[in-house]
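Q: I would like the entire structure built from these sequences, with the hints used as guidance.
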Amino acid sequence: MRDAATVILIDRDRTGGPSVLMGMRGAGAAFMPSKYVFPGGAVDAEDDAPCPDALSDQCRGRLAAEPLAGASVTPDALACAALREMVEETGLTLAPSADDPLLFVFRAITPPGRPRRFDARFFLIDARNIVGDRDDFSGACDELSHLHWVPLTEARALDLPFITEVVLAEVEALVRAADGGPLHVPRTVPFFDNRGSEPRFLQLS
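Just remember that this note's numbering sits 5 ahead of the position in the sequence shown, which is counted from 1.
Rather than coming from a laboratory, the hints here were simulated on the basis of the structure.
Errors might be hidden in some of the hints.
[Said to hold, decoys possible] With a Cα cut of at most 20 Å, we get these calculated DMTMM-like pairs of lysine to aspartate or glutamate:
#, residue 1, residue 2
1, K40, D164
2, K40, D105
3, K40, D147
4, K40, E148
5, K40, E159
6, K40, E170
A: This is how it looks when you write it as structure tokens:
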């Protein structure tokens, strides 16, 4: 099992309403083939670097509190992986700040029996943190196709993994609660824990 980071990029300035950036994995992908997903991927050794403004103290504490899949993964490494994967898979560069950091909003471990398993942390951030044109995907690699902004009201019509549907529901609630203002850290973070023989659904506080 590998640690992973996923970015849920929300654009609340779209004429069609709040929208999330999603792309489709290739039909030959070993993990979630032909499914629409958020940008993200596994933590690499190069991600083990300071990322001081990317996370709030509260999010750092939550990321560090639970037992991790990797013995030495740090909150900073997870944040760096999230930002790196965003650049690689979409061509977009994010510049989170202390005033508008990545928000840790969900954690999920892939169930046993899958060809690949990840301990994934999901981070929410506003598209206003994008450096440059938020519609310019020309620098993206070919891991995700059909990259586009999907209105939250239409996202569930796509072919989504089950866990993505669950995460979308949480994101919708956070966007509604913000009511156009700053996005806030959730009171608790949902965690689908598949480390044991029986799945558990927990709330990280």
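Q: Each of the hints needs a verdict: does it hold here or not?
A: Hint by hint, here is what the structure shows:
1. K40 / D164: Satisfied, since the Cα-Cα distance of roughly 6 Å is no more than 20 Å.
2. K40 / D105: With Cα atoms ~30 Å apart, K40 and D105 exceed 20 Å; violated.
3. K40 / D147: With Cα atoms ~15 Å apart, K40 and D147 stay inside 20 Å; holds.
4. K40 / E148: 12 Å, holds
5. K40 / E159: This hinted pair holds, its Cα atoms lying about 15 Å apart.
6. K40 / E170: Holds, because 12 Å separates the two Cα atoms, which is no more than 20 Å.
The structure fails hint 2 only (numbered hints given earlier).
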